[in-house]
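J.: Sequence:
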Amino acid sequence: MLSHRHFRLRTLGRLSLSTVTGEVERTEDVRPRHLAVLAVLAVAGKPVPRDRLLGLFWGGETEDRARHSLSNALSGLRALLGAGAISARRDDVALGDDLRLDFDVTEFTAACDAQDDERAVALYQGHFLENVFVSEADEFDSWLARERGRLERMMLAACARLVPA
47 MLSHRHFRLR TLGRLSLSTV TGEVERTEDV RPRHLAVLAV LAVAGKPVPR DRLLGLFWGG
107 ETEDRARHSL SNALSGLRAL LGAGAISARR DDVALGDDLR LDFDVTEFTA ACDAQDDERA
167 VALYQGHFLE NVFVSEADEF DSWLARERGR LERMMLAACA RLVPA
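Plus 46 on top of the position in the sequence shown (first one is 1) and you've got the working numbering.
The reader is advised that the hints may include incorrect statements.
[To be verified] What follows is a list of derived Cβ distance ranges for each label pair:
(1) R72 to S133: 20 to 30 Å
(2) R113 to A203: 35 to 45 Å
(3) C205 to S117: 40 to 50 Å
(4) A206 to D110: 45 to 55 Å
(5) S181 to S64: 33 to 43 Å
(6) A206 to A129: 37 to 47 Å
(7) R51 to D159: 23 to 33 Å
(8) S181 to Q161: 13 to 23 Å
(9) H52 to Q171: 14 to 24 Å
(10) E164 to T108: 46 to 56 Å
(11) P210 to D75: 36 to 46 Å
(12) R135 to R207: 33 to 43 Å
No lab work stands behind these hints: they were computed from the structure.
Because the structure is a prediction, the values reported are computed rather than measured.
Every residue gets a Cβ at the ideal spot worked out from N, C-alpha and C, and that includes glycine.
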């Protein structure tokens, strides 16, 4: 069954998750680390190995504690987004098919791919996951630096195309 709830995840500039009802948006109260997990799943666009998530977010913890923390994060996201919003199989975690989620990075990359540079520039409100820090998570820091670099290069290309106009 499809969820009737519609969400918007913003990660460029500020980190927020909003519930969208018509034209009205209400920001949800969610732990930043949980939103960062959601962002990783949304960026991937495909199942992410459970061990990868454990390494990204809880690499400095014991395996049991890390698995418990990941389970709590996924439960918290499901409680907010809906039971089918997160699909967790034995080895992989992914966004569920019934999740209605507008994601600024997806919209930004689509605008860049279509060379809709004005829209891309408007969507890019700042660095990806700006002011998001995960303690004792070198793997997360490396992933974040790669993603930020990729998105910044796309932004610079869009700006360069706009300059002659």
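J.: Does each hint hold? Answer for all of them.
T.: Hint check results:
1. R72 to S133: 20 to 30 Å: Holds, at about 25 Å.
2. R113 to A203: 35 to 45 Å: 40 Å, holds
3. C205 to S117: 40 to 50 Å: 42 Å, holds
4. A206 to D110: 45 to 55 Å: Given about 49 Å between the Cβ atoms, the range holds.
5. S181 to S64: 33 to 43 Å: For S181 and S64 the Cβ distance comes to about 26 Å; the hint is violated.
6. A206 to A129: 37 to 47 Å: 45 Å, holds
7. R51 to D159: 23 to 33 Å: 28 Å, holds
8. S181 to Q161: 13 to 23 Å: Because 39 Å falls outside the window, the suggested range is violated.
9. H52 to Q171: 14 to 24 Å: Since H52 and Q171 have Cβ atoms about 20 Å apart, the given range 14 to 24 Å holds.
10. E164 to T108: 46 to 56 Å: Given range 46 to 56 Å: holds, Cβ gap about 49 Å.
11. P210 to D75: 36 to 46 Å: 44 Å, holds
12. R135 to R207: 33 to 43 Å: Since R135 and R207 have Cβ atoms about 41 Å apart, the given range 33 to 43 Å holds.
Of the hints listed earlier, those the structure fails to meet are numbers 5, 8, in rising order.
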